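S.K.: Here is what each chain is made of, one letter per residue.
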Amino acid sequence: MASLRRVANLFRRSRLDRDISEELRAHIEMRIEDNVARGLSPEEARREALVRFGNHAATKERVVASDASLGLAEWGRDIRYAARHLRRSPGFALTAIATLMVGIGACVVVFGVLNALVLRPLNLAGADRLVQVVNKQPGDDSQSYPDYLDLRARNSTFADMVAYRVDQAGMSVGSSAQKSWVYEVSGNYFEMLGVTPQVGRMIAPSDEHGPNSAPYMVLSDGFWRSRFEGDPRVVGMTVQLNKHPFTIIGVAPKTFHGTELFLWPDFWIPMVNEEQVQGYSFLEKRYNHGIYVLGSVKPGVTVVQATDNLRAVGKGLAKEHPVEDGGMEPRLVRPGLFADTVGDPMRAFTVAIMGLAVLVLLAACANLAGIFTARFADRTRELAIRISIGSGRWRILRQLLTEALLVCAAGGAAGTAAAAAMLNVLSRWQPIPEFPIHVTAVPDLKVYAVAIGLSLASGILPGLVPARQIWRMDAMQAIKSGAVTAGLLRRLTLRDVLLGVQIALCALLITSSLVAVRGMQRALKAPIGFKPEGVALASMDMHMSGYADKTALPVQRRMIDAASHIPGVTAAGTIDSMPLGTGGSNEPVFRDGTTDFRPKNTVTVAKYYAISPGYLHAAKTRLLAGRDFTWSDDDKTRRVAVVNETFARRMFGSTSAVGQHYVEPGNTRIEIVGVVEDGKYDTITEDATAAAFYPLGQYTASSTVLVVRSERPVAETMSALRGALAAIDSSLPFTLQTWPDALTLAMFPARIATAVLMVLGVLAAMLAVTGIFGMAAYSVSKRLRELGIRVAVGARRTQVLRAALSRPTKVLVVGSAAGLVLGVLASRLLAVVVYQASPKDPLVLSGALVLMVLVGLAASWIPAQRAMRVNPAQLLRED
Amino acid sequence: MATKDLQGTLELLVLRTLAATGAMHGYGIVQHIQRASEDLLRVEEGSLYPALHRMEQNGWIESEWALTDSKRRAKYYTLTAQGQRQLKQAEESFDELVKGVRAVLRYA
Chain A
1 MASLRRVANL FRRSRLDRDI SEELRAHIEM RIEDNVARGL SPEEARREAL
51 VRFGNHAATK ERVVASDASL GLAEWGRDIR YAARHLRRSP GFALTAIATL
101 MVGIGACVVV FGVLNALVLR PLNLAGADRL VQVVNKQPGD DSQSYPDYLD
151 LRARNSTFAD MVAYRVDQAG MSVGSSAQKS WVYEVSGNYF EMLGVTPQVG
201 RMIAPSDEHG PNSAPYMVLS DGFWRSRFEG DPRVVGMTVQ LNKHPFTIIG
251 VAPKTFHGTE LFLWPDFWIP MVNEEQVQGY SFLEKRYNHG IYVLGSVKPG
301 VTVVQATDNL RAVGKGLAKE HPVEDGGMEP RLVRPGLFAD TVGDPMRAFT
351 VAIMGLAVLV LLAACANLAG IFTARFADRT RELAIRISIG SGRWRILRQL
401 LTEALLVCAA GGAAGTAAAA AMLNVLSRWQ PIPEFPIHVT AVPDLKVYAV
451 AIGLSLASGI LPGLVPARQI WRMDAMQAIK SGAVTAGLLR RLTLRDVLLG
501 VQIALCALLI TSSLVAVRGM QRALKAPIGF KPEGVALASM DMHMSGYADK
551 TALPVQRRMI DAASHIPGVT AAGTIDSMPL GTGGSNEPVF RDGTTDFRPK
601 NTVTVAKYYA ISPGYLHAAK TRLLAGRDFT WSDDDKTRRV AVVNETFARR
651 MFGSTSAVGQ HYVEPGNTRI EIVGVVEDGK YDTITEDATA AAFYPLGQYT
701 ASSTVLVVRS ERPVAETMSA LRGALAAIDS SLPFTLQTWP DALTLAMFPA
751 RIATAVLMVL GVLAAMLAVT GIFGMAAYSV SKRLRELGIR VAVGARRTQV
801 LRAALSRPTK VLVVGSAAGL VLGVLASRLL AVVVYQASPK DPLVLSGALV
851 LMVLVGLAAS WIPAQRAMRV NPAQLLRED
Chain Z
1 MATKDLQGTL ELLVLRTLAA TGAMHGYGIV QHIQRASEDL LRVEEGSLYP
51 ALHRMEQNGW IESEWALTDS KRRAKYYTLT AQGQRQLKQA EESFDELVKG
101 VRAVLRYA
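Protein sequence lines correspond, in order, to chains A and Z.
Once you know that position 89 of the first sequence is 89 in the UniProt record's numbering, the rest is easy, because the numbers rise by one and skip nothing.
Once you know that position 57 of the second sequence is 57 in the UniProt record's numbering, the rest is easy, because the numbers rise by one and skip nothing.
Pulled out of the complex, with its shape left as it was, chain A reads as follows (with noise of 0.2 Å):
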């Protein structure tokens, strides 16, 4: 109530003044009233009142100073005063706001991509009890559909549980097909996210009659604006999806983008329907995992209890499907981002870089503070007058953190101005054309807090240090000896340490940044198990026209051939799905011999591609024992595959592995006829993993990839190409582009990690560079009339260099040591986001302390030439 009257009071100052006086005047009135019954003359009876009542004005003054409203009012005029000293120095206040912008502004950026991405859930009503089904081992988020049906059915804890995938399917309105993202989802997805349509209706769990029985479309708000104009008379409209009819039934509202918080899907479909689109079902095939679930726990159960209860169903299914789900151990994780597959390196990540980007901030604090230290003892004297005459050191401490508060202020304000632009674009960016990726970092209240909060702390901290000070200051000390940062300088000071901190932040980032950049160096240069060089890549899904696996390979086998008559060819092949890319597929390994299909008996899992013959040469994949394919190798011969190095240690060890035979699930016997060189087949930053190729012949697939190796230049063999598949069927829609650009998206999240420490690293020099610079042409300016007398009585030029820079020269060097030591045991840290982080690396140190030398050398030349251009003639007229 108090403090609300205080506010108030504020913005009724003249009231409250009126109120005051009115009161006083009225005291005064009575008393004349009573001497005058007293049989005072009306003047005498003015006069005593008026001697008795005392200093008026003092009296009110006083009045209103208890009325407390005083403290507001008094901040007022602390804020003023702080102002206009900031203003007569441009220069402090500019380096201080800056220094504060840089600091906030990289942690404004980085938290609000942390909160985007990590902090905020799905936008949905009860997005705070949905969570992602996924299985013990990390990585391995999906689930089968029986699984899915199952789990859902047994459990007692879930509210209700949906299950999606994520594909890309060709839809045609009329003749041209396009390429799009499409969710399958099962009949409840919209019912349980509790989302309803802005335009006819979504699909619903009456729908579903078994497979293919709900042709059923519901597009995205996006989609429904850039394909359909937004005209509602779509509900109804008969569209082709991979040459099968749909129908409009519905668009999503525009705050929908589907549950990964990244990929935003151009509409949905039954996932009933799946076999339409992909030309096989899984929807009976209990080991064929590939669709995400996610369920909604019941009110008042926790995690920990639903995650119990669908162990114990686990262990059920476990038991009675031994072979497809022996091992089977759900496990619960937040929803959004791919389950672990992107949602740990990216919660790793985003976590690290926050921890780099507060760094950041606290070598921007300790910059600031030792600007504040500065600027204390540049005012020592003045402080120390006004503590002399007696003034509270309260209220001295008071005005200097107004100060700093009124510096943090502007300083945040510009920071979070600047983060949030930055966050804007960041959210309209669109890093990878093909892909419907957006990342919303539009910063919201909690972005705007942490903004608020930081500036708090970074501008009342650096200002608390100068406190210390206050209370020590011997007044009458500091006004006779001028000021007291003679004495001080001779010590290891405040100051030195918060530079020595500072430096020593500022190296870690720079070595951290280096450590980063080498790694990724390493990484785009590390084998991956072809060469993308010179090679032109036309990918589709024969789906799309209406292929079946088995009426594609033909088609495939005149398309290579046609690929190979193109001038300059030197080899063409085709794969089901590219190494790196997004597809591909895992399956288990057993030894030959194998009857037992338990996970418990797997060898290894490997990743398997369907290739034709004359793939690896158009790849470069270099065969190191026995065989390529060849088209002979078909359904009519027995089963054969090419495994690479990892593939055949872990099988067989040391003995040789061609001749040698395996066996798949489904006790499909295969002999191993080549053995390849290891490569990357799902992040550049991967272990070694294992691999089986097997001939397209044997498996045939729809997807295809057509790889064209060419001498020519890799444009001029998309133009031919072009027209050579178009010659064939010009109804199949492709993509065409070279390979190094089909790999950007496996080199992003390298990519990005790198361009974001590197940011960082310029940031941390930057405040190096200013940092030094200050402390520097401080200890100058303060020490300018001794260097002057030096000069006066003969000192050579290099010791007067010695004189004013010896000091930041040792701080800068014990604190780069000590920033060096941290950076190399952070890199540790590092190598969880960067492939090969390595600080045992002499590039980096030796680039690392290149580096520092520079930013010293950068920060103290001008200081230096100040010193050197000294006067002692003028200095020791002045003062």
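No lab work stands behind these hints, which were simulated from the structure alone.
Mixed in with the good hints there might be a few duds.
What the hints assert, rightly or not - With a straight-line cut-off of 25 Å between C-alpha atoms, the simulated SDA-like cross-links for lysine to any residue are:
1. Z:Lys71 - A:Val36
2. A:Lys782 - A:Val814
3. A:Lys285 - A:His244
4. A:Lys60 - Z:Lys99
5. A:Lys600 - A:Glu208
6. A:Lys60 - Z:Leu10
7. Z:Lys71 - A:Ser41
8. A:Lys60 - Z:Thr9
9. A:Lys60 - Z:Met24
Because the structure is a prediction, the values reported are computed rather than measured.
Since the structure of chain A is already known, use the hints to place chain Z on it.
M.R.: Showing chain Z alone in chain A's frame:
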């Protein structure tokens, strides 16, 4: 400690006065204290008003503009419940103070 309450004596007197009169303006309080103490205590106007406003901030008293018997507008103060409690406490510690001082005086 009782000694601290020496400064609080004015506040005690004001609280007591308001408890006795119900509601009173500043001038009335001065007059009341002077009369009740048989002219022994004279309250400084310069200290009274800051004290009144401080006490109001503390929530011990409330104020309201009203007309006096002579139809003059004046600010009347009344005790709040919190002020009642404060008065009780202040009286107790004042009694202790007096007892203490007296004991010391008697000792010599």
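S.K.: Hints first: check each against the structure and report whether it holds.
M.R.: Results for each hint:
no., hint, in the structure
1, Z:Lys71 - A:Val36, "holds (17 Å)"
2, A:Lys782 - A:Val814, "holds (23 Å)"
3, A:Lys285 - A:His244, "holds (23 Å)"
4, A:Lys60 - Z:Lys99, "violated (37 Å)"
5, A:Lys600 - A:Glu208, "violated (36 Å)"
6, A:Lys60 - Z:Leu10, "holds (18 Å)"
7, Z:Lys71 - A:Ser41, "holds (22 Å)"
8, A:Lys60 - Z:Thr9, "holds (22 Å)"
9, A:Lys60 - Z:Met24, "holds (20 Å)"
The structure fails hints 4 and 5 (numbered hints given earlier, in ascending order).
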